[in-house]
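So you can see what is in the structure, the chains are spelled out below.
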Amino acid sequence: MRNRAEKLVESLFTISGFVTSIVIVLVVVFLFSGGVHLFRSPSIEHGYVVAVNADNPIDRLSPAELKSIFDYEQTNWQQFGGADEEILVFRLNDITNYFSEEDLGENFEFVSERISQLISENQGIIAFIPQEYAGENFSGKEIDGGTISLSEVFGGKEWLPTATPAPLFGLLPLITGTLWVSFFAILIALPFGLSVSIFMSEVASERVRGILKPVIELLSGIPSVVYGFFGLVVVVPLVQQIFNLDVGETGLTGSLILAIMALPTIITVSEDAMRNCPRAMREASLSLGANRWQTTYKVVIPYSISGITSGVVLGIGRAMGETMAVLMVTGNSAVIPHTILQPLRTIPATIAAELGEVSSGSPHYQALFVLGIILFVITFAINMCVASISAKHKNS
Amino acid sequence: MDDTIQYELKKNLTQKVAFGAVTLFSVAIVGILVVILSFIIIKGVGVINWEFLSTAPTDGMTKGGIFPAIVGTFYLILGSALFAFPVGIMSGIYMNEYAPKGFVLRFIRTMTNNLSGIPSIVFGLFGMAFFVKQLNFGTSIVAGSLTLGLLCLPLIIRTTEEALKAIPDSYREGSRALGATKLQTLFRVILPMGMPNIVTGLILSVGRVSGETAPILFTCAAFFLPQLPTGIFDQVMALPYHLYVIATSGGDLEAQRPIAYGTALVLIILVLLINLLATVVRRYFAKKLK
Amino acid sequence: MRTKILAVICTVALFAQAIMAQSIKGSDTALPLTQKAAEAYMKANKGAKITVTGGGSGVGITALLDGTTDIAMSSRKMKFDEKSKFQQGGKTVVEKVIAYDALAVIVNPANKVNQLTRQQLEDIYTGKVKNWKEVGGDDVAIVVYSRETSSGTYEFFKEQILKNKNYMSSVLSMPATGAIMQSVSQTKGAIGYVGLAYLNSSVKALKVSYDGKNFVAPSVENAQNKTYPIVRPLFFYFEKKSEAKVSPFITFMLSPEGQKIVKQEGYIPLQ
Chain A
1 MRNRAEKLVE SLFTISGFVT SIVIVLVVVF LFSGGVHLFR SPSIEHGYVV
51 AVNADNPIDR LSPAELKSIF DYEQTNWQQF GGADEEILVF RLNDITNYFS
101 EEDLGENFEF VSERISQLIS ENQGIIAFIP QEYAGENFSG KEIDGGTISL
151 SEVFGGKEWL PTATPAPLFG LLPLITGTLW VSFFAILIAL PFGLSVSIFM
201 SEVASERVRG ILKPVIELLS GIPSVVYGFF GLVVVVPLVQ QIFNLDVGET
251 GLTGSLILAI MALPTIITVS EDAMRNCPRA MREASLSLGA NRWQTTYKVV
301 IPYSISGITS GVVLGIGRAM GETMAVLMVT GNSAVIPHTI LQPLRTIPAT
351 IAAELGEVSS GSPHYQALFV LGIILFVITF AINMCVASIS AKHKNS
Chain B
397 MDDTIQYELK KNLTQKVAFG AVTLFSVAIV GILVVILSFI IIKGVGVINW
447 EFLSTAPTDG MTKGGIFPAI VGTFYLILGS ALFAFPVGIM SGIYMNEYAP
497 KGFVLRFIRT MTNNLSGIPS IVFGLFGMAF FVKQLNFGTS IVAGSLTLGL
547 LCLPLIIRTT EEALKAIPDS YREGSRALGA TKLQTLFRVI LPMGMPNIVT
597 GLILSVGRVS GETAPILFTC AAFFLPQLPT GIFDQVMALP YHLYVIATSG
647 GDLEAQRPIA YGTALVLIIL VLLINLLATV VRRYFAKKLK
Chain C
687 MRTKILAVIC TVALFAQAIM AQSIKGSDTA LPLTQKAAEA YMKANKGAKI
737 TVTGGGSGVG ITALLDGTTD IAMSSRKMKF DEKSKFQQGG KTVVEKVIAY
787 DALAVIVNPA NKVNQLTRQQ LEDIYTGKVK NWKEVGGDDV AIVVYSRETS
837 SGTYEFFKEQ ILKNKNYMSS VLSMPATGAI MQSVSQTKGA IGYVGLAYLN
887 SSVKALKVSY DGKNFVAPSV ENAQNKTYPI VRPLFFYFEK KSEAKVSPFI
937 TFMLSPEGQK IVKQEGYIPL Q
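Sequences listed follow chains A, B and C, in order. Heads up, the first sequence is in my numbering, so the first residue is 1 and it goes up one at a time. Heads up, the second sequence is in my numbering, so the first residue is 397 and it goes up one at a time. Heads up, the third sequence is in my numbering, so the first residue is 687 and it goes up one at a time.
Source of the hints: derived by calculation from the structure; they are not laboratory data. Using N, Cα and C, we set each Cβ at its ideal position, and we do this for glycine too. There may be inaccurate statements among the hints.
[To be verified] Quick list of the computed label-pair ranges, beta carbon to beta carbon:
#: 1; chain 1: C; residue 1: D897; chain 2: A; residue 2: E86; range: 23 to 33 Å
#: 2; chain 1: C; residue 1: K926; chain 2: B; residue 2: N445; range: 46 to 56 Å
#: 3; chain 1: A; residue 1: Q79; chain 2: C; residue 2: P934; range: 50 to 60 Å
[Said to hold, decoys possible] In silico negatives: residues of chain A with every beta carbon more than 10 Å from chain C:
#: 4; residue: S62
#: 5; residue: G81
#: 6; residue: Q123
#: 7; residue: T147
#: 8; residue: F243
This is chain A alone, in the form it adopts within the complex (with noise of 0.2 Å):
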């Protein structure tokens, strides 16, 4: 009896060791089936079609390309290796503009007739209609818009999720945005993370220690929304005196705050390795006529140089992943930056922002999940890094 009992506990330990595994598992696959008919779906927005008259020789257009005619950009059908014929846009709203309400019937019978009937006539027409009015008997032909291509969402340029007839979901400005803001903070944190791990490992009495110690846990206990709104109310505005700009919702903010609340990450960890230096080591370099500093550069950094590089990883890991603080402060326009006082966009903050409202399923919705994808692979890469440098360590 107390034998079986005993397998049983056992045997749920045994499950309770593999829960980490399975739930990497679990988050593996449900992002992925998230996000992996992106790749799948039509360009073209659900529902609806784009149609030119039969006469027009183009039969496919890209989204970039059907951005540019929808916006007025390009107005000649000569860019698209067309005939000389001005484009003339066409949306569903517009066609009050064509046609009296008695043509279109009391109760929109006549819409669809109408539609096909403009398209005819009108040789440079592209019209972006709903697929129900463009049936049997429909006079124009329909633009095969592809599908959703891998090439256009991580060369592109341009995050439209929302736009029609099809959306752009070009990733370069939210990667970029996350780089540059993680690496900015990077940059702020780590001459503050070096300089305090040494002194609480090389310098600091116990007692100061002690004193430093809870300080390193409170800034890493404070939530991340409160970082946020601390950003926010104090540091946007300082940000924008500070450097005379237009906006105080910069990359830079985002990079300060990121860098405080990175961090506790790089302290403790380097601290750890600094302190693993052997005692031996150091009394030997004393006993050679170095002094305290010299040791420290020369013998104890050198020694710990694993343990730092990971800090400063995880960091970097740290500052990649935040969403709440960034989505507060860095203003969240989707370009690509060239300085890094101007407004960018993350990829978490991408995702927080806009999975609220859209609907389930849709494109936009699996380009979400793409996103959390490339974060999570980034993080996954991340930590395997580390694991390799300190199993490297270990063996040296």
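Following the hints, complete the assembly by docking chains B and C onto the known chain A.
Structure of chains B and C alone, referenced to chain A:
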């Protein structure tokens, strides 16, 4: 001779400058914390009173208190603890006491580290896809608690494992030699000894749970609820989300600012208390063991 | 023991369902209004319970589709793919306009500009005009604020003002209306748009003209007499089969009493 003296002088000067610099940076860190804390305390302390803590928001979030948010955060802590505490501790026990050393242990440890590195927004995304949609919990306390539970799992596992690792094998061997089974040894000897550090880890994980916003955005958080949640499938208000909402949206930001400061202060106090509690627990048990 | 716990959980859950007589979910724009109306309705009808939560128009409609809410509030018309999902699920949806909301274009109070035409607004939001001096203001760069891409307000502004063209990518997107108010009141060259109900003295609302001649200030009166152009309907969506359950509250909402609350809250009544 002169050269040597000069060298010594220079050497000591460099040390002074270098150590001076690192000290300065360290003071600056303390300064940053003091600035953030005192800013929020000064702005928020006037707002906090019994009414603020015990009533619901009224007049479109511009008046009233944050009671539902406090209760909501408490529910979420409770819910995630119910899930994560036992699972986390058992997982830690497995890793230190049962798992075969070598590949399996390395694998589990790597996975745990990976889980702790996943950004909180990805947990939110996963929570929405898995708990809210797949398991059909809806945006609810269960979905939010489980998501938060997963988030703090690695912390609990790691502290449990470390706590058990610190106990010398001689205790295990002694207990086994007296005829106790492995499980008896675990419950009578090992766990009581590791308890202080395990409990500290648990408390810190509560701190983590109470401050997270991104994981609950899509899994349970509500902007405003007229009454407290009545079941585990209801949405809840929560402190961090409440702060986010009143800091960025709502009708009248000027009127909401004091409430935002108050909420931020309550959150900070919560974190301070939790950290303090962790320290006290650690010290208390340490003394008792001696 | 375990079954006991399970039983407790089940009863709690059932209890919750029974109390939650009605739930309304969706658009943050319509949220304050619906919340007030629900409070008044519950005061008048003892025993009625209405839970109102926000989350956004899309969230509300998805919840209606999943059957987790009785009424979805929306600040935009239901999209085609959303409608087709209801059709696939064999559900008929009823649409009711409960009030109108006017969008006000706001700038920093220190800005000299008092009025803009629709064309000028379009040029500003598509990036053709980048400095206030081009539209009669000081030599200050224009900082353009907008709502998040998926909000109903964003879509409406795009349809009405930009004539369906895309916003330039460098607009600053704010997660909520409050954040736009905050930023515009702090930033000298800022321009943004918010619901009429949100206006206060920290920002300046611009007069807007579609024809280039008559500039009209945003106000409830001007929106009601149709002289102010940027007005949109707010919708309630519900399933046909739950009509009996939800219609008392909707009737209240559309009654003179309900419409009085609409006006008090800074929205535009139906009549």
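Okay, the hints, checked on the actual structure:
no.: 1; hint: C:D897 - A:E86: 23 to 33 Å; verdict: holds (25 Å)
no.: 2; hint: C:K926 - B:N445: 46 to 56 Å; verdict: holds (49 Å)
no.: 3; hint: A:Q79 - C:P934: 50 to 60 Å; verdict: holds (58 Å)
no.: 4; hint: S62; verdict: holds (15 Å)
no.: 5; hint: G81; verdict: holds (24 Å)
no.: 6; hint: Q123; verdict: holds (23 Å)
no.: 7; hint: T147; verdict: holds (16 Å)
no.: 8; hint: F243; verdict: holds (14 Å)
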